[in-house]
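Each chain is listed here by its residues.
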Amino acid sequence: MSTVAYSPPKAEPIPVAGDYGPETRVDYINCAWGVRSWLLTVDHKRIALLYLFAITAMFFLGGAFAVLIRIELLTPKSDLFEPDTYNRMFTMHGIVMTFFFLIPGVPSVLGNFLLPIMLGAKDLAFPKLNLASWYIYILGCLLTLAGIIWGGIDTGWTFYTPYSTRSAHTSVMPVAVGVLVLGFSSILTALNFIVTTHTMRAPGLTWFKLPLFVWSSYATSLVVMLGTPVITTTLVLVAVERFAGVGIFDPKAGGDPVLFQHLFWFYSHPAVYIMILPAMGVISELVTAFSRKTIFGYQFVAFASMAIAVFGFLVWGHHMFVSGQSPYASTIFSLISYVVAIPSAVKVFNWTATLYKGSISWATPMLYAIGFIGLFTIGGLTGLVLASPPVDVHVTDTYFVVAHFHYVMVGGTIMAYMGGLHYWWPKMTGRMYPEGWAKAAALLVFFGFNLTFFPQFLVGYAGMNRRYASYVDEFQVLNVLSTAGASILGFGFLLPFGYFGWSLRYAKAAGPNPWGATGLEWTTESPPPPHNFEVTPTVTLPPYEYATHN
Amino acid sequence: MATVPLAHHFRTPAQQHHAALLGMWMFLITEVLLFGAVFLGYVVYRANPALHGGFVAASEHLGQSVFGFEHVPFLGAFNTVILLGSSFTMALAVRAAQVGNQSSLVRNLGLTMILGTIFLGIKAYEYHHDWDIGLIPGFKFDKAAWAGTGVDARHVELFFVFYFVLTGLHAIHMFIGMGLLGVLWVRSRMGRFGREYYTPIELAGLYWHFVDVVWIFLYPLLYLIRH
Ligand SMILES: [Cu+2]
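Protein chains in written order, with our numbering: chain A, 1 to 550; chain B, 1 to 227.
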């Protein structure tokens with residue numbers, strides 16, 4: 001079928017699809033033109049694209065800091081930056097990547113676009129709230145950028161007190177307030193997702209017919225809703241302490257700095273699941289679509305998401321083994337941390353079992369999905385190593401920890417994000433991306449990633465401390481390897497930026513279902529009409545019914 | 001007669017009502033966690049024996065002598081009664097909307113706002129008094145006044161940090177609630193609500209009751225801990 005992706009501007013606000021014949025099909029992109037129609041839109045698909053722009057910008061900003069860090073670490077001495085400047089670099093890398101890319105990434109871009117379509121709904125339950133959450137995100141970005149430009153921040157992304165409240169002479173306030181504001185954006189999106197999943201499902205779409213991406217988005221939203229308000233008030237207290245010069249977490253005034261750490265990690269450990277759960281949902285979709293099989297153990301995967309969400313709230317103390325926490329508390333936190341590994345492993349086993357005897361095709365999204373499974377497994381297993389207090393005390397604040405969480409965050413979340421972006425790009429834009437270039441980029445990302453971060457396990461285990469601009473000469477070989485890997489990784493991330501842009505104008509039209517996949521999103525046009533479906537769909541089959549589908 | 005404004009993406013008014021109600025409950029859950037984190041910090045410090053003397057001495061300062069009540073935190077207790085009364089009128093307003101009693105709806109929304117204003121007025125008076133006697137941490141805190149009392153002034157200051165963060169957060173919520181009620185009061189007078197459509201009134205009611213419940217926890221935790 002032929003589609004015209006760029007039809008001439010139309011004066012009507014939102015024409016009814018089909019009014020213009022097959023040649024000028026109205027979709028959510030060409031239904032209205034001009035900056036106002038984007039900045040004031042309440043269409044979840046357009047808001048997803050607004051998020052995509054903002055989040056991509058923040059990703060490259062965070063990436064730029066990473067490049068500077070890796071260049072500094074080429075040599076053992078701190079020669080590119082003063083140590084003070086280096087402290088700002090890793091702090092701003094961490095804050096931008098964690099709060100502005102990893103946490104909102106998959107939910108606000110892919111989730112916003114897909115959730116209502118996967119539910120057979122016309123939009124999220126609260127479309128205006130959805131737009132508001134984007135503006136709040138932008139406000140948080142601007143405050144943080146102001147802090148970055150106006151002196152930077154050097155507290156580490158963890159804002160540990162009393163350094164952040166008493167000693168730091170950098171722009172802690174605008175950045176802390178920026179992150180605080182950002183929390184409201186996450187909360188509004190999560191609230192919207194939960195209410196939408198409960199109330200907006202199409203006729204026949206029962207809970208156990210939901211795609212696993214919806215399950216994991218739902219679990220993520222619960223974590224966001226229960227965790228984020230705590231970091232909000234914690235940052236309020238930090239801001240009050242810093243602004244008024246009083247001693248909330250200052251031991252001199254009777255306060256307790258460890259209380260800050262408890263409150264911070266009560267959010268920031270679950271935040272790890274805010275980053276990885278939606279990514280796991282993406283992987284469930286990709287693995288089934290490209291092995292053309294139904295998911296192995298649907299209910300196990302669905303409940304594993306919920307179990308991770310629940311247990312994720314009970315393990316924050318594993319970040320505080322060296323903070324003077326009682327050894328009994330540490331033991332219990334350690335044991336529960338092991339428990340979280342069970343649902344995570346259930347997912348890995350079920351994805352692997354789904355591959356078994358599947359008819360696997362190696363499209364780009366599948367490359368990312370397979371990469372995810374391998375890298376997440378390494379990241380998860382080293383997490384078990386770190387959950388054991390004796391080992392953790394030994395490697396605390398070394399590059400072993402840095403390598404571990406980058407395997408989960410970059411090897412996990414970003415791989416899934418990239419895989420999902422490629423998989424649903426035809427749906428979002430109506431155009432295929434160039435497969436050859438995309439495969440090359442995926443391989444570059446995989447190899448570059450491993451070359452960057454595997455040496456960090458070794459150098460960390462050997463004792464190299466994180467957050468220092470200089471290190472002893474013995475560690476240089478591994479650091480040079482790491483920097484070499486980072487340049488490949490960076491190139492691998494720049495490529496999609498180019499070819500996705502190219503595909504918008506020159507690539508071939510995708511058609512409604514280029515992958516032959518199941519799922520409601522593939523039953524509507526690409527790009528979808530303004531209200532997603534011409535007729536509200538009725539769901540009869542469970543998801544991933546590839547046997548009956550073909 | 002009130003008509004039901006149905007947004008384009010809902011199939012039925014019932015679905016829309018259900019979504020709005022669930023959304024408000026979810027929002028209130030996040031609010032519990034928002035206040036909960038500060039509550040937790042406060043309770044942890046209150047349970048710390050080293051801080052106990054300072055916190056108790058500080059709390060006693062909340063019971064200012066007004067109208068001859070020497071040892072009762074009179075203003076806090078009075079405000080608790082006021083706020084409970086406002087929850088009662090709010091509940092009546094929701095009921096009035098559900099049964100389509102226009103005049104009762106407008107009257108009870110108005111009464112709720114008057115009670116809310118009284119609460120905020122008394123709170124402002126208390127804050128003003130705290131300023132006068134130098135109990136504002138970081139800005140106007142009279143450390144010297146505590147010399148020789150056997151109480152560490154910094155612990156008193158710590159108590160007041162929590163006092164102002166908690167009551168301040170609560171007051172901000174009250175202001176937001178007053179704004180909501182103001183809008184709803186105007187719209188009620190225009191006859192926008194009735195038996196078929198009362199979702200906004202119900203949502204505002206939930207919110208108002210929540211803010212009330214927060215105060216029910218704040219009052220004993222802050223005002224009544226001297227023993
Ligand atoms: Cu953790």
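No lab work stands behind these hints: they were computed from the structure. Quantities reported herein were computed from a predicted structural model and do not represent experimental measurements. Please note: incorrect hints may appear among the correct ones.
Pair ranges (Cβ atoms, derived) [what the hints assert, rightly or not]:
{"no.": "1", "chain 1": "B", "residue 1": "V213", "chain 2": "A", "residue 2": "K128", "range": "23 to 29 angstroms"}
{"no.": "2", "chain 1": "B", "residue 1": "G168", "chain 2": "A", "residue 2": "R467", "range": "34 to 40 angstroms"}
{"no.": "3", "chain 1": "B", "residue 1": "A47", "chain 2": "A", "residue 2": "R467", "range": "30 to 36 angstroms"}
{"no.": "4", "chain 1": "B", "residue 1": "G179", "chain 2": "A", "residue 2": "W150", "range": "28 to 34 angstroms"}
{"no.": "5", "chain 1": "A", "residue 1": "L335", "chain 2": "B", "residue 2": "F175", "range": "43 to 49 angstroms"}
{"no.": "6", "chain 1": "B", "residue 1": "A145", "chain 2": "A", "residue 2": "H394", "range": "49 to 55 angstroms"}
Away from chain B, derived, C-beta distances all over 10 angstroms, residues of chain A [to be verified]:
{"no.": "7", "residue": "D123"}
{"no.": "8", "residue": "F126"}
{"no.": "9", "residue": "Y135"}
{"no.": "10", "residue": "I187"}
{"no.": "11", "residue": "V195"}
{"no.": "12", "residue": "T196"}
{"no.": "13", "residue": "V230"}
{"no.": "14", "residue": "F243"}
{"no.": "15", "residue": "V246"}
{"no.": "16", "residue": "G255"}
{"no.": "17", "residue": "V310"}
{"no.": "18", "residue": "L335"}
{"no.": "19", "residue": "T352"}
{"no.": "20", "residue": "W362"}
{"no.": "21", "residue": "F497"}
{"no.": "22", "residue": "T536"}
Below are the DSBU-like pairs computed for lysine-lysine, each with C-alpha atoms no more than 30 angstroms apart in a straight line [unchecked claim]:
{"no.": "23", "chain 1": "A", "residue 1": "K128", "chain 2": "A", "residue 2": "K252"}
{"no.": "24", "chain 1": "B", "residue 1": "K123", "chain 2": "A", "residue 2": "K128"}
{"no.": "25", "chain 1": "B", "residue 1": "K123", "chain 2": "B", "residue 2": "K140"}
{"no.": "26", "chain 1": "A", "residue 1": "K252", "chain 2": "A", "residue 2": "K357"}
{"no.": "27", "chain 1": "A", "residue 1": "K77", "chain 2": "A", "residue 2": "K209"}
{"no.": "28", "chain 1": "B", "residue 1": "K140", "chain 2": "A", "residue 2": "K252"}
In this text, a Cβ means the ideal position worked out from N, Cα and C, and glycines have one as well.
Hint check:
In this structure the supplied range 23 to 29 angstroms holds for B/V213 paired with A/K128, their Cβ-Cβ distance being about 28 angstroms. The hinted window of 34 to 40 angstroms between B/G168 and A/R467 holds, with their beta carbons roughly 35 angstroms apart. Taking the beta carbon of each, B/A47 and A/R467 are about 34 angstroms apart, inside 30 to 36 angstroms as hinted. Between B/G179 and A/W150 the Cβ separation comes to about 33 angstroms, which falls inside the hinted range of 28 to 34 angstroms.
Taking the beta carbon of each, A/L335 and B/F175 are about 45 angstroms apart, inside 43 to 49 angstroms as hinted. A beta carbon spacing of about 51 angstroms between B/A145 and A/H394 agrees with the range 49 to 55 angstroms that was offered as a hint. Interface exclusion of A/D123 from chain B breaks down, the closest Cβ pair being 4 angstroms apart, not more than 10 angstroms. Non-interface call for A/F126 relative to chain B: violated, since the shortest CB-CB distance, roughly 6 angstroms, does not exceed 10 angstroms.
Residue-level check passed: A/Y135 sits 18 angstroms from the nearest beta carbon of chain B, beyond 10 angstroms. A/I187, annotated as away from the interface, has a beta carbon of chain B within 10 angstroms; the closest lies near 5 angstroms. For A/V195, the condition that its CB be more than 10 angstroms from all CB atoms of chain B is violated, with the nearest at approximately 5 angstroms. Consistency note on A/T196: stated as away from chain B, yet its beta-carbon is not over 10 angstroms from all of that chain's, at 8 angstroms minimum.
Listed as a non-interface residue, A/V230 fails to keep its Cβ farther than 10 angstroms from every Cβ of chain B; the least gap is roughly 4 angstroms. The claim that A/F243 lies off the interface is violated: its Cβ sits roughly 8 angstroms from the closest Cβ of chain B, which falls inside the 10 angstroms cut-off. With a closest Cβ-Cβ approach of about 4 angstroms to chain B, A/V246 is found to fall inside the 10 angstroms limit, against its non-interface label. Not every beta carbon of chain B lies more than 10 angstroms from that of A/G255, the smallest distance being close to 6 angstroms; the non-interface claim is violated.
Once the 10 angstroms rule is applied to beta carbons, A/V310 is consistent with being away from chain B; the minimum gap is 15 angstroms. Distance to chain B confirms A/L335 as a non-interface residue, since its nearest Cβ pair spans about 23 angstroms, more than 10 angstroms. No Cβ of chain B approaches the Cβ of A/T352 within 10 angstroms, the least distance being about 35 angstroms, so the stated non-interface status holds. In this structure A/W362 is separated from chain B by more than 10 angstroms, as the shortest Cβ-Cβ distance comes to about 38 angstroms.
Listed as a non-interface residue, A/F497 keeps its Cβ farther than 10 angstroms from every Cβ of chain B; the least gap is roughly 33 angstroms. Once the 10 angstroms rule is applied to beta carbons, A/T536 is inconsistent with being away from chain B; the minimum gap is 7 angstroms. Proximity of A/K128 to A/K252 is assessed by CA-CA distance (about 47 angstroms); at most 30 angstroms being required, the pair is judged violated. Among the hinted pairs, B/K123 with A/K128 is inconsistent with the structure: their alpha-carbon atoms are about 34 angstroms apart, more than 30 angstroms.
Distance hint between B/K123 and B/K140 is fulfilled; the C-alpha atoms sit about 18 angstroms from each other, no more than 30 angstroms. For the hint pairing A/K252 with A/K357, the CA-to-CA distance comes to about 64 angstroms; that exceeds 30 angstroms, so the pair is violated. Only pairs whose Cα atoms come within 30 angstroms are accepted, and A/K77 paired with A/K209 is rejected, the gap being roughly 57 angstroms. For the hint linking B/K140 to A/K252, the alpha-carbon distance of about 19 angstroms falls within 30 angstroms, and the restraint holds.
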